[in-house]
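Protein chains: 2
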Amino acid sequence: MEIRLIGLPGIPLLTEGDDLGEIILQSLEKMDLPIEYGDVLVIAETAVAKIEGETIDLNSISPSEKAFEIALATGKDPELVEVIINASNEIIKIGPDFIISETKHGFVCANAGIDESNIELGFAKPIPSNPDNSATRIRAKIESSTGKKVAVVISDTQGRAFREGAIGVAIGISGMEPLWDRRGEKDLYDRELQTTTIAVADELASAASIVMGQAHEGLPVVLIRGVNYFDSLQNDRATAKSLIRPKKYDVFRK
Amino acid sequence: MEIRLIGLPGIPLLTEGDDLGEIILQSLEKMDLPIEYGDVLVIAETAVAKIEGETIDLNSISPSEKAFEIALATGKDPELVEVIINASNEIIKIGPDFIISETKHGFVCANAGIDESNIELGFAKPIPSNPDNSATRIRAKIESSTGKKVAVVISDTQGRAFREGAIGVAIGISGMEPLWDRRGEKDLYDRELQTTTIAVADELASAASIVMGQAHEGLPVVLIRGVNYFDSLQNDRATAKSLIRPKKYDVFRK
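Chains as they are written, first to last, in this note's numbering: chain A, 1 to 254; chain B, 1 to 254.
Everything labelled a hint here was simulated from the structure, so no lab data went into it. It cannot be assumed that every hint is accurate.
To be verified - Below, a list of computed lysine to aspartate or glutamate pairs in the EDC-like style, where the Cα atoms sit at most 16 Å apart:
| no. | chain 1 | residue 1 | chain 2 | residue 2 |
| --- | --- | --- | --- | --- |
| 1 | B | Lys148 | B | Asp231 |
| 2 | A | Lys186 | B | Glu120 |
| 3 | A | Lys148 | A | Glu79 |
| 4 | A | Lys241 | B | Glu164 |
| 5 | A | Lys66 | A | Glu54 |
| 6 | B | Lys93 | A | Asp250 |
| 7 | B | Lys248 | A | Glu164 |
| 8 | A | Lys247 | B | Glu164 |
| 9 | B | Lys241 | B | Asp231 |
| 10 | A | Lys247 | A | Glu90 |
| 11 | A | Lys93 | A | Glu120 |
| 12 | B | Lys186 | A | Glu120 |
| 13 | B | Lys141 | B | Asp18 |
| 14 | A | Lys148 | A | Glu90 |
| 15 | B | Lys241 | A | Glu164 |
| 16 | A | Lys248 | B | Glu164 |
| 17 | B | Lys247 | A | Asp231 |
| 18 | A | Lys93 | B | Asp250 |
| 19 | B | Lys104 | B | Glu90 |
Only a predicted model underlies this, so the values are computations on that prediction, with no experimental measurement involved.
Please model the entire structure based on the sequences and the hints provided.
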């Protein structure tokens with residue numbers, strides 16, 4: 001029972017308009033590693049944001065009064081704060097050097113996922129506006145070229161409420177259910193399993209993150225091979241939305 | 001750049017006093033897979049709890065008044081609630097069918113990690129009382145038998161505040177830093193990385209969880225091979241404590 005996490009070499013510095021699906025196929029061809037049924041491709045959101053060209057020139061931003069207020073409270077630049085506000089449905093918590101908000105997608109995370117790393121100085125890079133669609137475009141390319149059913153996960157690195165350090169999570173998905181529902185399955189003593197829903201897409205994103213970290217930010221795509229329950233997860237229409245806890249069930253936000 | 005996640009076959013149903021280190025070595029020998037420097041062994045906490053014999057007979061529990069109160073509010077059995085209270089420093093949130101508390105170890109999770117799955121009816125299984133020590137005992141056994149430096153991670157499956165579904169997390173560790181501190185490293189544009197601390201032990205636990213889920217609860221040990229930054233993580237004295245966000249920095253608990 002083995003799963004392989006393979007970092008794809010030779011992915012160049014990406015720019016707007018690049019065909020990432022094609023670039024992935026070329027990398028796999030150079031490795032002599034043909035796509036197989038059930039392969040999962042995890043792609044760092046930063047790579048997707050770049051090909052989609054969603055960078056923001058911070059010099060073009062005129063901060064609002066609210067942005068100046070939050071900038072003062074957090075020590076962040078008002079222009080960046082304005083970008084975070086614009087990318088958020090709701091600012092949830094602020095403090096010295098942190099802003100936690102709900103993004104337009106519904107994700108609760110720091111700085112609305114806006115990143116100033118791995119981008120030209122003076123620019124900010126938001127999370128792709130629709131990571132499920134981004135994943136679907138790349139999956140369509142790979143499936144139409146290879147004839148194999150695969151899944152694509154768009155990953156981000158995010159912090160957690162109660163634990164230190166950031167981990168890989170799934171913000172977009174295509175081709176598989178992000179949650180693995182094990183209800184009805186039995187434990188070793190033939191009773192119903194208690195922890196019945198596993199966020200397998202997040203686990204795949206975390207697993208890929210271990211490989212992405214191996215090289216100096218140069219491995220934005222990881223192929224995961226050997227998930228033998230792919231059959232029960234396979235779904236052409238699933239999205240990452242089901243990973244988001246609805247606000248009404250969120251007992252910590254109040 | 002490849003990492004392998006290998007589920008160890010043939011781990012029997014464990015009972016109190018079993019030498020899990022020895023059992024792991026035997027399984028690896030049968031697979032003809034000798035331990036290598038830098039291997040990480042991820043072990044499900046349920047396996048560790050069993051060999052340590054920390055199961056609780058719910059019939060032996062006399063619930064307190066507070067336990068009856070919380071049982072009424074949550075719909076849980078008063079005996080189980082009493083066990084959860086005893087395993088907790090603080091009850092943080094309760095609601096229909098959930099209790100979130102800080103365990104004696106300091107972890108914020110549901111039901112203080114007390115599990116009724118994979119154990120005889122009428123019994124509950126707490127998280128091992130000192131998972132770092134549990135990890136260290138197993139690591140000592142493996143290192144003394146093989147002469148190779150390895151790391152051991154004790155994993156649990158836990159929910160999250162803002163996301164649906166549970167994922168593998170590290171609750172005990174031995175032989176490596178659980179956090180990978182990348183401060184000072186540069187991004188593609190030669191600026192300091194923003195997300196500088198990665199909870200790599202949690203990512204390893206999540207990666208292993210994907211494999212553990214492959215078989216019907218029959219794969220409690222996963223060997224992870226190929227983490228090429230093991231050198232920078234290697235530490236004989238690190239514990240999982242650094243994964244816990246100190247309460248004073250926890251902005252969601254209030």
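Hint by hint, here is what the structure shows:
| no. | hint | verdict |
| --- | --- | --- |
| 1 | Lys148(B) <-> Asp231(B) | holds (13 Å) |
| 2 | Lys186(A) <-> Glu120(B) | holds (13 Å) |
| 3 | Lys148(A) <-> Glu79(A) | violated (45 Å) |
| 4 | Lys241(A) <-> Glu164(B) | holds (10 Å) |
| 5 | Lys66(A) <-> Glu54(A) | violated (24 Å) |
| 6 | Lys93(B) <-> Asp250(A) | holds (11 Å) |
| 7 | Lys248(B) <-> Glu164(A) | holds (13 Å) |
| 8 | Lys247(A) <-> Glu164(B) | holds (11 Å) |
| 9 | Lys241(B) <-> Asp231(B) | violated (21 Å) |
| 10 | Lys247(A) <-> Glu90(A) | holds (11 Å) |
| 11 | Lys93(A) <-> Glu120(A) | violated (28 Å) |
| 12 | Lys186(B) <-> Glu120(A) | holds (13 Å) |
| 13 | Lys141(B) <-> Asp18(B) | holds (13 Å) |
| 14 | Lys148(A) <-> Glu90(A) | violated (40 Å) |
| 15 | Lys241(B) <-> Glu164(A) | holds (10 Å) |
| 16 | Lys248(A) <-> Glu164(B) | holds (13 Å) |
| 17 | Lys247(B) <-> Asp231(A) | violated (42 Å) |
| 18 | Lys93(A) <-> Asp250(B) | holds (11 Å) |
| 19 | Lys104(B) <-> Glu90(B) | holds (9 Å) |
When each numbered hint is compared with the structure, violations occur for hints 3, 5, 9, 11, 14 and 17.
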